[in-house]
Structure formats: C-alpha cells, structure tokens
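Please model the complete structure; the sequences and the hints are all you need to start from.
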Amino acid sequence: MIPALLFMLGIGAVCGIVLSLSSKVFYVYEDPRIAQVENNLAAANCGGCGYAGCSAAAEAVVNGLAQPSVCVISNQEGVEAVAKIMGVDAGAAESPLSYNICEGGNRADDKYHYMGISSCKAMAAVFGGKRVCGVGCMGLGDCVKACQFDALEIGPNGYPVVDDDKCVGCGACQLACPKDIIKVTTLSEQLMKFNQTQDALAPCAQTCPAEINIPRYINQLREGKYKEAVQTIRMRNPLPLACGRVCPHPCEDECRRGIEEEAVSINQLKRFVADYEMNSGSRIPIKCAPDTGKKVAVIGGGPAGLSCAFFLRRIGHQVDIFEAMPKLGGIIRYGIPEYRLPKKVLDWEIQGILDLGIKAFCNVRFGVDFGLGSLMASGYEAVLLGVGAWEDYSLGIEGEDLDGCFKGIDFLQRFSRGEKIKLGRTAAVVGGGNSAIDCVRTLLRLGLEKVYIVYRRTRNEMPANEVEIVASEEEGVEFVFLAAPTQVIADDNGKVAQLEYLKMELGEPDASGRRRPVPIEGSETLLDVEMVISAIGQSPDASFKDQDPHPRMTELELTRWNTIDNDPAILQASIPYIFTAGDSATGPALVVDAIGSGRRSARSIDLFLKGEPVEPVKDSLQKKRIPESIFTKVPGLKKTARAKMPEIPVDQRLDSMIEVDLVLPEDAAHKEAERCLNCCRLCYNPDTGFPIAKAN
Amino acid sequence: MGDLFVLAISCIFINNILLAQFLGCCPFLGTSKKMETAVGMAMAVVFVLVMAGTLTWMVDTYLLKALDVEYLRTVSFILVIASLVQFVEMFLKKSIPGLYAGLGIFLPLITTNCAVMGVCLININEEYTFVQAVVSATAYAIGFGLALVLFASIRERVNLARVPKPLQDTSIGLVTAGIIALTFMSFKGMV
Chain D
1 MIPALLFMLG IGAVCGIVLS LSSKVFYVYE DPRIAQVENN LAAANCGGCG YAGCSAAAEA
61 VVNGLAQPSV CVISNQEGVE AVAKIMGVDA GAAESPLSYN ICEGGNRADD KYHYMGISSC
121 KAMAAVFGGK RVCGVGCMGL GDCVKACQFD ALEIGPNGYP VVDDDKCVGC GACQLACPKD
181 IIKVTTLSEQ LMKFNQTQDA LAPCAQTCPA EINIPRYINQ LREGKYKEAV QTIRMRNPLP
241 LACGRVCPHP CEDECRRGIE EEAVSINQLK RFVADYEMNS GSRIPIKCAP DTGKKVAVIG
301 GGPAGLSCAF FLRRIGHQVD IFEAMPKLGG IIRYGIPEYR LPKKVLDWEI QGILDLGIKA
361 FCNVRFGVDF GLGSLMASGY EAVLLGVGAW EDYSLGIEGE DLDGCFKGID FLQRFSRGEK
421 IKLGRTAAVV GGGNSAIDCV RTLLRLGLEK VYIVYRRTRN EMPANEVEIV ASEEEGVEFV
481 FLAAPTQVIA DDNGKVAQLE YLKMELGEPD ASGRRRPVPI EGSETLLDVE MVISAIGQSP
541 DASFKDQDPH PRMTELELTR WNTIDNDPAI LQASIPYIFT AGDSATGPAL VVDAIGSGRR
601 SARSIDLFLK GEPVEPVKDS LQKKRIPESI FTKVPGLKKT ARAKMPEIPV DQRLDSMIEV
661 DLVLPEDAAH KEAERCLNCC RLCYNPDTGF PIAKAN
Chain W
697 MGDLFVLAIS CIFINNILLA QFLGCCPFLG TSKKMETAVG MAMAVVFVLV MAGTLTWMVD
757 TYLLKALDVE YLRTVSFILV IASLVQFVEM FLKKSIPGLY AGLGIFLPLI TTNCAVMGVC
817 LININEEYTF VQAVVSATAY AIGFGLALVL FASIRERVNL ARVPKPLQDT SIGLVTAGII
877 ALTFMSFKGM V
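Read top to bottom, the protein sequences are chains D and W.
Each residue of the first sequence is one higher than the last, beginning at 1 in this note's numbering.
Each residue of the second sequence is one higher than the last, beginning at 697 in this note's numbering.
Please note that a few of the clues may not be correct.
Pairs of lysine to aspartate or glutamate, EDC-like flavour, derived with a Cα cap of 16 Å [to be verified]:
1. W/Lys789 <-> D/Glu30
2. D/Lys84 <-> D/Glu38
3. D/Lys295 <-> D/Glu381
4. D/Lys639 <-> D/Glu615
5. D/Lys24 <-> W/Glu785
6. D/Lys294 <-> D/Asp320
7. D/Lys145 <-> W/Asp865
8. D/Lys121 <-> W/Glu852
9. W/Lys730 <-> W/Glu822
10. D/Lys225 <-> D/Glu189
11. W/Lys789 <-> D/Asp320
12. W/Lys789 <-> D/Glu59
13. D/Lys145 <-> W/Glu852
14. W/Lys790 <-> D/Glu30
Keep in mind that the hints were calculated from the coordinates and are not lab data.
In this text, all values refer to a predicted model and were calculated from it rather than measured experimentally.
The structure is reproduced here in structure tokens:
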C-alpha cells in the first residue's frame, strides 16, 4: 500500500514538475480571449462549425473570421457569452455569407446524360458535368449536403438558394462545390470583386465599364424589389442617378435581345430604380465594413474620386475628399448641363455618399492650397489623384483668342458656376463629341438665334451619343459637316465676326477605323458667327506637379497626353502611394469608365494599405468579352417594342434649363424589365415555353 | 534483423491494431470522413505512439519492475502518456509551429486513446526488448495510419454513391470497416 502510494506520488510529482516547467519554457503568447471563448463553446470538437475543433473555432472568433454564433450546438446563452467576451461590438468581425453566382440552373441546356449519379463532385469528375455551361450549377446539391446549418436548398429552378439568416459563413458549401459556384465572401470581397474570364457573366455585365450585375438588378426590378435593385447597382456604381441620366450605356450594344431586335433599355431601368429611391423620400441604408483605421486622401471630387472614396469607405477605410471647385461632382456638375443632370439630383446623390462618413474639403486646389507634404504629415497613407481632364485642347488656328472665342469645358463650367458670359446672337461650336453637343444645346437655351456645329467628318463619325445628336437636331442646331476651321476673323472692334473653314472629303480609314477627312484645296468658306466655341477634347491639368514643392513630386511621371502615368490594371502611379483613376488616368472617357476605374484603384489602395503586393486581378476581363458568350443569333424571341423615353416636347425645352429626359412610369419600366432575357454566360430565358420565364 | 522485419509485418498487417484488434475505433470513425484529416490523424498517431511506446517501456523496465509495483502499470501509463502528449504539444507549439499546425488538434484527441494504451501494454505483455518495443510501436502506428487512410478513401467514394437512407454515414462506415477487416484476415498465416 505505502510503496504504491509513494510511487504514484513520485511519478505524479515528476510529471507535474516537468509540465509546469515546460509550460514556462515553451510559453507562447495567445490572446487570452481565445481560451475564454473556447470555454463558452460546446467543447464537443465536432467540427460542425467548419473549423478543426473548438479551439480552432475560438481562434477564428477572436481573429474576427467567425461570428460569436459559430458553434452549432451552443445555445443563445453561449452565443451571448462569447459576444460579451468579444466586447459589445461583437459584430466587428466582418461576417462572410454564402453567395451563389449561378442563376441559370435548369434552364441551361444539357450536354450529357448521366444515369444514377447523385453528387456534383462525381459528375464533375466525369466530363465536367451535364450542363453545356462550364461554370453553371449542376444542381445535385453537394453544397446542401455539406451545409450543417440548413441554410441552403436547391431552389425550384435547379440552383442553390441561400438563406442569409441561417448562413454562418463556415465555408463548407464552398469546399463541397466542385465548380466554384457557391462562394463564401465578405462584403468587402464582394465590393472588390472584378469581372474575370471564368465568371458567369451576361454580355451586358461584361461590357459595363463599372461591371454592374445588370441581369440581377433588372430581375429584382421585375420582382418589385426596387430597394434590392438599387443595392445591387451600388455594389458597383455609387452614382446611379447620374449614370441613369448621362450614361451612353455601352451595355445595351451587347444586349442579346439587341441581336434580334431593339436592345433592352437598361439605362432607363437603372434610372427608374434610382429615381424611385430619391422620390421615396428615404435613403436605402448602405452597408459598410468595420473601420480599419487607415486614412486615404482623394484629390478630386469627380466621378472617379467619388467612386474611389465610396468603395474605400465601404470596405472600412477613412476617406477625405479634396476638391478645387466650390462643390463636389467634378465634370458631371460643371461639364454636364442642368437640362441633362439637374444639380438638385446630383446634390442628393453626393450627399448620400458623404453620409457614409466621408469628409469633403472644397475650394482647395492640390499643389496650391495643399500638397503631398501636408497630406503625408496629416497621416494619409495613400493618395488618389482623380483630377480629371479639364484643359481644353486649342484649335491651333489664327484668331482663336479673339473676344467671342471660348473653349468647351471652360465655357460649360463657367456657365454652370453662374458666371455672366457675354453672348452673341449666333455661334459655331467646333467638335463632334458630347461636350460640343452640350455647348450647342446650352447655347440654344440661352436664346441664341443660330447655332452651328462644325465637324470635320460626317454625322456617322460623330463620337457623341446618338440620343444627344437627335435631341440637338430636334432643338434646331445646324450641322456643318466635313469642315475644318482654318481661322477666326474679327470685325473692326476686334470681336469675332466670321469663322473660315476648309471643306473636307473622307479618305482612307485611320487608326480609329473612321475615315480620315482630307481637305479640298481652295475650298475656303466663311460662316458668319459672333461666337466660336472649340470643344475638341481635353487633357488633364497637371500644373500641380510644378506647383507642389514636395521633393517627391518630381518622381511623378506624366504621359505625353498629360495623364498620370500608371499601370491600367492597378492604376498605381510612379510614386507607390499615389494612385489614379478616371480621366486623369486614361484621358477623357465616360462617366461610367471613371466609376469603374475608381473602384479598381480602391482595390489597389486597399491592397497597398494592407501591405500586400499591389497586383492586377487574376484573369481580369477588363473590357474584353468572353467569346463563347457572344452570340450571333438568339432564337425563340418574341419581338416587343422598346420602351420609349418620355421627354419634354421641344417647344417647352428651350425656354429654360429644365430636365429634358423623364423617368419611365412604373408600368412601362416593368414592361421593359420583362424584355430582359436575364442572360448569363450561356443560358438565357427565351420568351416562350420556358418555366422560369413563365414563373416570372 | 529478420526477426524485427517479421515483427513489423505482423504488427502492420496481421495484427493490425484497428482491423484485427479493434482498438482505436473512435478516431477511426471520427476522422475518416475526409482524406485530409485522416492523414493528419495518422501522422499524429505515429508520432505519439512511437514516443509513448518508448517511454512506457522504459518506465515499466526501470521503475515498475525495479520497484516491484507492476500492478500500478495501467494507472501509471495513463499518467505518463498524458503528460508526454501535453509536453510534446507545448514543445511543438513553441519550437516547430508548422508541425503543430498540422498535428495540433489531433494530439490531445489521442492522449489516452485505447490504441496507444493497448500498444504500450502489448509491448510489455509480449516481453519485447527495447528495440522490439520501438519497432512494434512504430509498426502498429503505421498499421493504424494505413487502415485509416484506406478507410477514408473508401468513405470519400461512398459519399458519391447512392446509399439507402437508413444505412447512410456511420452505418455504412461500420459495414465497410467490417469488410476491410475481413480482407485483412487473409494476412493470417503469412508469418
């Protein structure tokens, strides 16, 4: 008895001493909350949460990767105890949710027939599955079987539907899916997702420079879920009101319905839901990720700057905008006239962005009122240069500085700011782009008797939006095509009296594919006008580079077009912490291009702030098309008329700057949404004889 | 040398700890749903079994037998193995974090696993020498890992098949385990 006791005592003491010593020697710091959290989990090590045992789950909770409710067995009390340990802001962890990218399901055609296979994994292993679509859902529900929380089911259309309330973001479904259809992502990851070559994308969504999920929001509109539709748009575009009015909608050029008949009027639908939000009187809350504590300065409050600021704010960074003009908006405030985009609408939209907690400082010019040095000293870790392209190109002809000569953007912005401009009775606007049209339509509203557009090619080659050209025709502008100005002639008082131009003819196509205009010798013609506005394009104003005394500023490289030299895939400038977007990165382009590049630079800035290598998105689609998704014909369509945009009659337009284009009425918007085929990469809903089409 | 080889073969195949002696069935069923965890578990078992087999042989020979308290074998083995595993866990966490990340969660699971305990006691009952004890512990662990990995791969395939509802999951797992055990019986008489 005694020896046994002594022996056990001895061996116990040895073990105890060795362990306590080694716990001192091999001590590793661990967040004490991990142990506390673990104590409140079920301690069953069941793995139901998707983590390897309770301690791994506790670690995930403390590291913010899992929610307090991670434990499958734990009751409400346990969850609350864990939330308490994690502090009141238990929601600080950005919760991931399961997200299904395939909405085709059963409607996709089958390529093979499989007998007796009951799992997606097995089917994928044999010839990649039954569907024609390489990225589509096979619908056998491996994800449903993998889900421990009953948050997934195969919906009536043959693809999984996620119940967001039940989903804990454990990632089991993603692991089970052999085709990457179901993904567990956080809000930040969704916001920073860019189109990739292997994605399930409709042609319109591939084309949109902002990469909006167009079929999704049109479908939401069709179901009457306007709020959700606006939220879908805001995942990619912070300015739906402005874009819904001014976007030349390149997406509609690729619309599959457009192959057989008139394309779906996508942009009017965007405007419909955006206007719905504005007119509803309350703003739809915009979700943001938890604060990261990093500060970014955005220089330039135009579409690119606003977009970049909006997305950086939504993924949790603190953003301040610096704007040289008195108000935010950039070219869409000062370059786009009131009758296309009312200032009231723009103000409402920008206020919504600022309400996320973005500070804006107006009337401060980069290089003059502040510089790189002061930004760095104030603790900004990255800078976005989105200064736009505000410097009008000059015609380079004699007499263009005479009294009565103006430059396009300069004229528009001076007018927008309320400056009194001495007008003539007749005017010639040189150029064929949207700025030129904006100038003539503005001039007509100012009461000029005769306004000409002087363009060196023909109407077919005009880069302006077709609707704009048509509207200006209706309003009575006169076109002088195939005319290249050669000099502006003054009268005795030194004021503009005539514009002399050479007649042109079209020759061989040039690099842009348009036929090059060739002057006809000796064809000088005179046009009697009292004003000449040249609107032949702009370049960025990079004067800040010389004005800012900060020594590093000399390292900032510019291109020969005065844009900031950058890698278009990541938009990083030659100074690593400076990024760019919009017109200052690419030269003049569309608003929606600026919005897309603003988001792209937000991604790069985010990577930069996290200390990760700033690398391009892998397999980025970036304005390319997925060849297999571009069809030449779309069988099974029933032709229906495209919704006509309501507008104010011409005779009522010219007296004021009142908005010309109106929003679609609700029933027309629904009818137009019904025209959408809800395309994906390969499959789509034809109009007849199809279950999904009928159900809708 | 030849004897040791024969011993190893017999421990791995003929007297396979899982399929012939039916020890360690809980991790066998619990960690065999996925190949990844099965491999992790197999590694952890090799690691722990070799160390435990060695240490318990020494404890038995130099303490229990020397002090003539052999009746305390089971209880002292439990204590020694548990402490050993705890110690190894701490050591790995500090010194080889990579290995810890791979084995970490499995180590405490097999602290006083019946397979571990069983092998230690077999070593003593068979009156193995030190070298024999080490070889037998290693071979038994390899046998355990072999059976586990085989079983996991079969279960992964079974997951893809249509299984009648009442037989799904553990039930079909046990049936499968029984059939594998039958096939292992054919090794009998090899040595």
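Now the hints, each set against the structure:
1. W/Lys789 <-> D/Glu30: 11 Å, holds
2. D/Lys84 <-> D/Glu38: 13 Å, holds
3. D/Lys295 <-> D/Glu381: 6 Å, holds
4. D/Lys639 <-> D/Glu615: Outside the cut-off at roughly 45 Å; violated.
5. D/Lys24 <-> W/Glu785: 13 Å, holds
6. D/Lys294 <-> D/Asp320: 11 Å, holds
7. D/Lys145 <-> W/Asp865: 12 Å, holds
8. D/Lys121 <-> W/Glu852: 11 Å, holds
9. W/Lys730 <-> W/Glu822: Not satisfied, since the Cα-Cα distance of roughly 35 Å exceeds 16 Å.
10. D/Lys225 <-> D/Glu189: 24 Å, violated
11. W/Lys789 <-> D/Asp320: 44 Å, violated
12. W/Lys789 <-> D/Glu59: Satisfied, since the Cα-Cα distance of roughly 15 Å is no more than 16 Å.
13. D/Lys145 <-> W/Glu852: 14 Å, holds
14. W/Lys790 <-> D/Glu30: 11 Å, holds
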